[in-house]
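Participant: Chain by chain, the residues run as shown.
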Amino acid sequence: MRLGYILRRFLFLIFVMWTAATVLFLIPRMSRVNPIRERFAALARSTGYSPKDLESIIASYELKFGLDKPLPQQYVEYMGSVLRGDLGVSLMAYPKPVTELIGEALPWTIGLLGVTTVLTFLIGTVIGALAGWPRSPKWVKGMVPPLMILAAIPPYILGLLLVYFIGFRLKLLPMGSAYSAGLTKDWSIPFILDVVTHAILPAMSLILGSVGFWALGMRGMGVTIQGEDYVNFAEHKGLKPGRIFYWYYVRNAILPQVTSLALAFGGIISAGVLVEGLYGFPGIGSTLGAAILANDYFVIYGIGYITVVAVAVSMLMVDLLYPLLDPRIRYGKK
Amino acid sequence: MAIALQSTIGGPSQRTLVMRYLRRNKSLAVGLIIVIFLLVFSIGGSLVMDTGKLAYPLAVAPLQPPGGEYPLGTDKDGRDLLAVMIRGVLLTGAIGVMAGTVGIVVGVVLGFLAGYFGGAFDMVVRWVTEVLLTIPGLILLIIIAGTIVDKNQVSVFTMAAVTSILAWVGPTRVVRAQVLTMKERTFVSIAKLSGMGNMEIIFKELMPNMLPFLVASFVAQVMGAIYASFGLEALGLGPAREPTIGMTIRWAVFHSAMFNQWWWWLLWPVVAMVLIFASLSLINVGLDEVANPRVRRTE
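For the record, the sequence lines run as chains A and B. Counting from 275, one number per residue, gives the positions in the first sequence under the working numbering. Counting from 18, one number per residue, gives the positions in the second sequence under the working numbering.
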């Protein structure tokens, strides 16, 4: 039964979301750091202003955020607000709700990471497939080891090198932000072109940093498949190499790649967060960086929760698409 | 490595065999050479130089370009970058090795218990690792490091502890999967029939067969821990007082070393980071070849 499988996957998704929410509830309560006190301490440090009745102000904020109630009651109320999609208010952009802050940043991140992930997966898989194919020219096969070493280097470091050489030295591309100052945000051609030129460097750091991973996986799988009987049979039958390449070789080798894709989302988000911070790209990575500096715990938790949900949903989508790629898999049927 | 090599009586010595194998397994050889170079550089360097003083602020004149008295230059806060590199490679490596060790020990225990005995415990382990796979590791560590730990009191040891929190997930999965495939094999049944106890089977029969996997998993975790600690450091959650490689990059970026033409401040730690990651990844690919005979090249 396909339906049973889909149901089970959805239950798992809900379980993951519940676990994430619970962990995010427990972590701050395990900490001795009081976010509100931290906030006032930071205020006192930067402006020299320290209210006389600090303790009662903190107490009133705790009342406002419900921190004075017993833990189980706090938990129930917290879960209720998460279910309603309420992640609290930001401390650094008070009184902006966390969801609004994330909502502004999220499209940028989805755009950057979505495009780079698709490109990386396609480029890497094609290079890997060609590198594992015996008839490919030598230079294609020689591409995998350097790409593999690139893949070992954090995209953040590749980003530093790209900023320095391409952005700073050669001045070919803008070094940061997502669009030129002074442009109005709309869907006009100049604005879109401007956004694309700004996105090239961050995208390149992410792509260069992970193409090797996909190439290596595809090549490994491809080499294994070449020894299979059905490939030998196809060759002896006299099928054209092109046909064997696409329908016998790539078609089968790509399946484990798709499985890896589902598992890679967590790493993609982690790398994206760092690269965004480096380039000042206005996505959730930069928001997270600012929130860490400002001790804005509610934004940190909100972003944590959103990324977990995003990864879990992406994994679910890949899982549900998988049977379309592999007709042998009919979930649940024995 | 020695596992993969069967030395025969009267044949070439163990050392020749290892050298011969390394000549064939180039990634392993190159990776090991870089790691040995880094070890000699950092351990030898600490013996020659007083890195305990020179790698910290206000030790030397600030912002000296490379050459003369300071071969690698100095940074804005007056650290000698040669000393910083020597100590940084050591500290960064220490974070990785500590977290990797915790990861592999916990992973082996959990993986064996889950895989060998099965039951409810196995189910719990499987679920927890599956859920943790869904949660982006760096984000979880950011939340933990950003809230539980006091940002100004982070030490190298704290970094190792924080990165250890997730270092066991990978090894647990690898060990569990290996134990599951191995425990049905004939040599385990024979060991059981010959009256060996469970513990004896685990330590005498299963462990030696899994050694290449365990070593590869350890290297992967060391790499993962260094990667994670670098991520935390880049975001300003690292040990602010210690000259790890990641912190050095963080300070260089923080003070816009690049746009101020202080290229040496950023160049050396980037080179060190690239060498660390490239060597570990090469070793990992090489070990994969040892552990997985399917991709092993013939002599």
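Please note that a few of the clues may not be correct.
What the hints assert, rightly or not - What the simulated footprint calls covered on chain B by chain A, stretch by stretch (three residues with Cβ under 8 Å from a Cβ of chain A suffice, anywhere in the stretch; the number is not a length):
{"no.": "1", "region": "153-166"}
{"no.": "2", "region": "287-296"}
Said to hold, decoys possible - Heads up, incomplete: computed chain A residues facing chain B, CB under 7 Å, no partners named:
{"no.": "3", "residue": "T293"}
{"no.": "4", "residue": "T296"}
{"no.": "5", "residue": "Y430"}
{"no.": "6", "residue": "G540"}
{"no.": "7", "residue": "I543"}
{"no.": "8", "residue": "L548"}
Please keep in mind that the hints were generated in silico from the structure rather than gathered at the bench. From a predicted model like this one, the values you see are computed outputs, not experimental measurements. No residue lacks a Cβ here, since even glycine has one placed at the ideal position from N, Cα and C.
Participant: Next, verify each hint and record whether it holds.
Facilitator: Now for the hints, and whether the structure bears them out:
| no. | hint | result |
| --- | --- | --- |
| 1 | 153-166 | holds (count 11) |
| 2 | 287-296 | holds (count 5) |
| 3 | T293 | holds, 5 Å |
| 4 | T296 | violated, 11 Å |
| 5 | Y430 | holds, 6 Å |
| 6 | G540 | holds, 4 Å |
| 7 | I543 | holds, 5 Å |
| 8 | L548 | holds, 6 Å |
This entry does not satisfy hint 4, going by the numbered hints stated previously; all others are met.
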